[in-house]
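Peer 1: Given the structure of chain A, go ahead and fit chain B onto it with the hints provided.
Protein chains: 2
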Amino acid sequence: MKLFHADIIAVGSELLLGGRVDSNSVFVAHLLAECGIEVRKKISVGDQKDDIQEALRGSLKRAHVIVLTGGLGSTLDDCTREAVAETLRCPLIKRKRAYENLKACYRRFGRPVTPILAKQAFLPSGATMLANTEGTASGFLMRQGQTVIVVLPGVPREAKVMMIDQVQPKLRKMFKSKRHYWLHTFHTFGLPETEVQKQLSPVLRDDGPIQFGLLASPRGVTVTVSCWMFSDSQSFVKERSPFFPEWADLVRQVRECIGPWLFAEGERTMEEIVGEVLRGLSWTVAVAESCTGGLVAHRLTGVPGSSLYVDRGVVSYSNEAKQEFVGVPALTLRRYGAVSSQVALAMAKGIRMRSRVNVGVGVTGIAGPGGGTLNKPVGLVYGAIDGPQGPRWYRWQFHGDRADITLKTSQAVLDLIRRYANEAQF
Amino acid sequence: MKLFHADIIAVGSELLLGGRVDSNSVFVAHLLAECGIEVRKKISVGDQKDDIQEALRGSLKRAHVIVLTGGLGSTLDDCTREAVAETLRCPLIKRKRAYENLKACYRRFGRPVTPILAKQAFLPSGATMLANTEGTASGFLMRQGQTVIVVLPGVPREAKVMMIDQVQPKLRKMFKSKRHYWLHTFHTFGLPETEVQKQLSPVLRDDGPIQFGLLASPRGVTVTVSCWMFSDSQSFVKERSPFFPEWADLVRQVRECIGPWLFAEGERTMEEIVGEVLRGLSWTVAVAESCTGGLVAHRLTGVPGSSLYVDRGVVSYSNEAKQEFVGVPALTLRRYGAVSSQVALAMAKGIRMRSRVNVGVGVTGIAGPGGGTLNKPVGLVYGAIDGPQGPRWYRWQFHGDRADITLKTSQAVLDLIRRYANEAQF
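Just so you know, the protein sequences line up as chains A and B, in that order.
Just so we're aligned: the first sequence equals residues 0 to 425 in numbering that gives the first Met the number 0.
Just so we're aligned: the second sequence equals residues 0 to 425 in numbering that gives the first Met the number 0.
Treat the hints with care, as some may be off.
To be verified - Far from chain A, by Cβ distances over 10 angstroms, these chain B residues were calculated: (1) 132; (2) 247; (3) 257; (4) 264; (5) 281; (6) 341; (7) 348; (8) 395.
What the hints assert, rightly or not - Below, simulated DMTMM-like cross-link-like pairs (lysine to aspartate or glutamate); rule was C-alpha separation at most 25 angstroms, straight line: (9) A:60 x B:49; (10) A:48 x B:53; (11) B:177 x B:33; (12) A:348 x A:248; (13) B:197 x A:76; (14) A:375 x B:133; (15) B:197 x A:13; (16) A:375 x A:319; (17) A:159 x A:77; (18) B:95 x B:77; (19) B:1 x A:255; (20) B:102 x A:192; (21) B:177 x A:194; (22) B:1 x B:33; (23) B:175 x B:164; (24) B:177 x B:164; (25) A:197 x B:81; (26) B:48 x A:192; (27) A:102 x B:192; (28) A:159 x A:76; (29) B:102 x B:77; (30) A:60 x B:85; (31) A:197 x B:99; (32) A:1 x B:49; (33) A:197 x A:248; (34) A:102 x A:164; (35) A:197 x B:77; (36) A:60 x A:49; (37) B:48 x B:81; (38) A:60 x B:53; (39) B:159 x B:271.
No wet-lab data here; the hints were simulated from the structure.
It should be emphasised that the depicted structure is a prediction, and the values quoted were computed from it without experimental measurement.
Here a beta-carbon is modelled for each residue, glycine too, at the ideal position from N, C-alpha and C.
The shape of chain A in the complex, shown without the other chains (with noise of 0.2 angstroms):
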């Protein structure tokens, strides 16, 4: 059985030195998985013509695919049809359905097309004109040997939609590869790096077609479960179980293994995950917040059609909002200074009672860089939750610089609704 491989080369030296980075490159990669053929390596070169050729050189050694993307509009620094023309030696030729395109586009913009702008309608001669149904410029496809090559515009939509309608059928005809790629992702909080591959170690092979990957960020570790795998069927890859039983079960053990740490899978995020519980619990929340400044609040009213269940939130940065807006005791803030589970559960309580929500949340701690002491160090943070099951409260300690440690706080807290209503279905 024969594996297919590609290359992504994107064209733009903003992609080198201009802040921007190549995210066509992921769902190219995407749909070309959806085709058998597996990337092996992404590229990013400047709008040199030279830089273009030696890239597209280096590739066409090993690569059965190659995707070029970008530098195929009318500026003068965009070169990438010239350099694939010259590279594979095809001289550039006006393509007439090009052409026409390109007039019907910009009459709709009300502008002639200049020769400057006819340049988009060139092709190398033999290559396949990809239409481009959503903006000037033409994609093409062409063979050098082995070797496909595909051209597309850097405008995101206009690649994605010549991907899909024109590129991925031709690609499936050409290689008809029989291998499939499978990819599940479960997101763990509360766990490090290291603990959760210990809890994966029933399941963790190093041989075989299955790859694990490990990937941590203060949202939690992230585990993808992938592999590449070979099949004649054509009913396999449409319902993705009966002829590959080895992979529900797969799935299922890396559930068991990852236990109460895993939040979610897929595309799932915490927030959404929140939201659901509470949802199917009837329940409503509101959160008063210190340290993490309504990042809490904003990640849970993220959720489309969270004023189902977020009724307010309170960001008590000072003292006399702790006091007027939530009701912690100046005594309590007195005795026990404002970073202190006593301060957590009486906001957790207050904007609890003062909303009339079923759960109240509280959280305070130090975000830094300032503001740490011996006692209470930066990133020491004091959550609290108050429900039908009583009030609770909880003690980290985090590391990073602020943005950091507001975004585990606010994922901590996240977590920690999520963990107490779920006691409250079972």
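Peer 2: Using the frame of chain A, we list chain B on its own:
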């Protein structure tokens, strides 16, 4: 004069199919440019040793500097150090200093250094160790012929500090590049990209060494002006003006072209600028948010030291919250609806009075995707401010998904505070 070129190789299978993009290369490219070294190619490869080696061999043929990031950790798939050691034929040797750092690091986490973790203290023989002050895995730097190879951990914070503190001084000394990179960034808000381009038309040139770049995002349109110039003078590098007065002139011209839409330059963010203006006036602020759900407060409090001027915030998602916490009259809500200039104004005035701050801000709108009507479509937002110069209100119509609309709204509200406070200054 010699031109020095660099390639950046980012290692990690998650960069190929995991949906993650290589963002480290953005700051690595800039820090290299500061040393007069221009990035010509960025490459992402997976965790396969063969692929890392193939990329490394390719870059060794032409780059003066190769920076590899990622794959230095302790998990099974981390193999960058092995790939580099094998390519350069230098055995991996345990380094005492790296091991001590590792031990100290894990001691803080209360964990012993197991043999698997100890991997992170092994470096190729002959390599210069790059101490990791922020995490566990040491980086390293080594020469191969005319090429300098720099290997950094994948964690952005660790890589950045290592790059600035240790790699930059070494590269400056090694290459003594006479080429200098000039970059100036202008952040605008309130104009679409094409309008910003129109504003810039007096200074836009297509020839010459100056490069212009426009980048649109929900935070506004960013204009970058950059160029590479040769200079022998050291003071040129430090003072950035006497030997290139045209640059200072150009920056001034661009600034004038953009006019009142310019809110920040360089690395500054809108929230930092707002904080600066408020501190300058010794003003305090309180925010009542509906559709942004806490994002305005979170962005304001994301600035270190913001507790000096942020008093509190209220996320009044429900109508009850708007009445109880901000004092919006029930009649106003009934008569005009929650999304109205009247309610935005009442929120601004209410939060200002109740918090006894200088400036009160209110924002209410429809973030979508649901909740829109013919008269009040998704993306309709009212913002209001009340302060020493009296009340003001604004109406915006934003486009995009929920996250776009809330981010644009937060930016518009912060810009509103900035402009209001600026007025008071003059």
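Peer 1: Tell me, in ascending order, the numbers of any earlier hints that this structure violates.
Peer 2: Hint check: 12, 19, 21 fail, others pass.
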